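Number of protein chains: 2
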Amino acid sequence: MRNIYHEQLDSLGKELARACGLAGRAMARATRALLEADLAEAEGVITDHREIAAVSSRAESTAVSLLALQQPVAGELRAIVSCLKLASDIDRMGGLAVHVAKIARRRHPRPVLPEPIRPLFAEMGRVAEEISTTARDVLLSGDAETGAQLRQHDDAMDDLHDRLYEQILDDWPYGVQAGVDAALLGRFYERFADHAVEIGRRVVFEVTGTLPPEQEVSTY
Amino acid sequence: MRNIYHEQLDSLGKELARACGLAGRAMARATRALLEADLAEAEGVITDHREIAAVSSRAESTAVSLLALQQPVAGELRAIVSCLKLASDIDRMGGLAVHVAKIARRRHPRPVLPEPIRPLFAEMGRVAEEISTTARDVLLSGDAETGAQLRQHDDAMDDLHDRLYEQILDDWPYGVQAGVDAALLGRFYERFADHAVEIGRRVVFEVTGTLPPEQEVSTY
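Chains A and B supply the protein sequences, listed in that same order. The opening residue of the first sequence carries number 1 in full-length UniProt numbering; numbering runs sequentially from there. The opening residue of the second sequence carries number 1 in full-length UniProt numbering; numbering runs sequentially from there.
No wet-lab data here; the hints were simulated from the structure. Predicted model only: the values in this text are computed from it and were never measured. Yeah, the Cβ is synthetic: ideal placement off N, Cα and C, and Gly gets one too. Take every hint as true, because none was put in to throw you off.
Partner residues are not named here, just some residues of chain B that face chain A (Cβ under 7 Å, in silico):
1) 64
2) 67
3) 68
4) 71
5) 73
6) 84
7) 169
8) 172
9) 176
10) 177
11) 179
12) 180
13) 183
Some chain A residues close to chain B (C-beta under 8 Å, calculated; not the full set):
14) 68
15) 85
16) 187
Pulled out of the complex, with its shape left as it was, chain A reads as follows (with noise of 0.2 Å):
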């Protein structure tokens, strides 16, 4: 009987695991449509999120059933409501992948960001997919050390966001509607982030049973 819940509660790890690479798959895909304006790829994250959404649902099933028929403690219960949390993390994280896809989109055919500022996005999105992979990695290894330096990735996207929102209102000949665009996106980019160190947050809870402080809230 112990030996099936460590299955399934080692196979909801798992499903979580592939939901989050599932998440910086999307905001990979999402950045794609952005910077090179393609209608498919941007159509792809937007159909795709079910995929996401489904598992994050059923991981959070599962996590309820394991409550109810296993009646956990200590390291096991603290497990299990962290799954619950992270099932919302990585559902909204591919949320927001979907909020840039939506951006691309509307304004499709014409690219949404002005020249000066993609390679910005094109480093936002590469910190978006490096920092969604470390997380899915820390859940499959459960290591809280690389749980806890999750936050200091994060710190590249904050810098990022910061030079972009420089940008915009230092200097901006393009309009106000590639300027909101901008700061938008800027914003989903760094929400990504924010969801991925809250994965490293929750492992390190689980692993030692302190839940480390919460995020400052950024200041834009």
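Based on the hints, put chain B in the right spot on chain A.
Using the frame of chain A, we list chain B on its own:
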């Protein structure tokens, strides 16, 4: 023993309702700070967020203890799982009020919003207050019907949000910074309402055992 447990569960629900009320009050104050360029009010919202975060974090600890000590099943298990999720939503609602307050603080003593869109934000503030009061009442009453109706309240916010974007993108002589501020602020109010809807959705789940479908991810 079971009586103490029910008391704890009951007081957990009340704590969350209190936090939801605080988040609503925070957004009302943040709206005032925004419309009246009131720095003290903005600072108050930012400082007082600690209380919402503390209630939310305490609620999560209580929920985990109840799971560990009482090994609940069926409806009670669902109630506690809901509380875990709700604590995150409410904390986030408070965080969004902080975002609004921070923009008001950053632009002080200048008003953030050009005159013509101030009524829109006054109205968004009113809807935010209304929706969070309803969410708080639903948390106290456990009334699934009113919980499901929160989605309709949210439609009012979405309409206001759409009207705001039309104004920003159509003919906007106030510059990029004001446009970006208004767009981000609009998004904060919209997300605030989304989390209130999520509270209703959770209460429906708690009462009926079935989670209503998730909201459509908004287009913008």
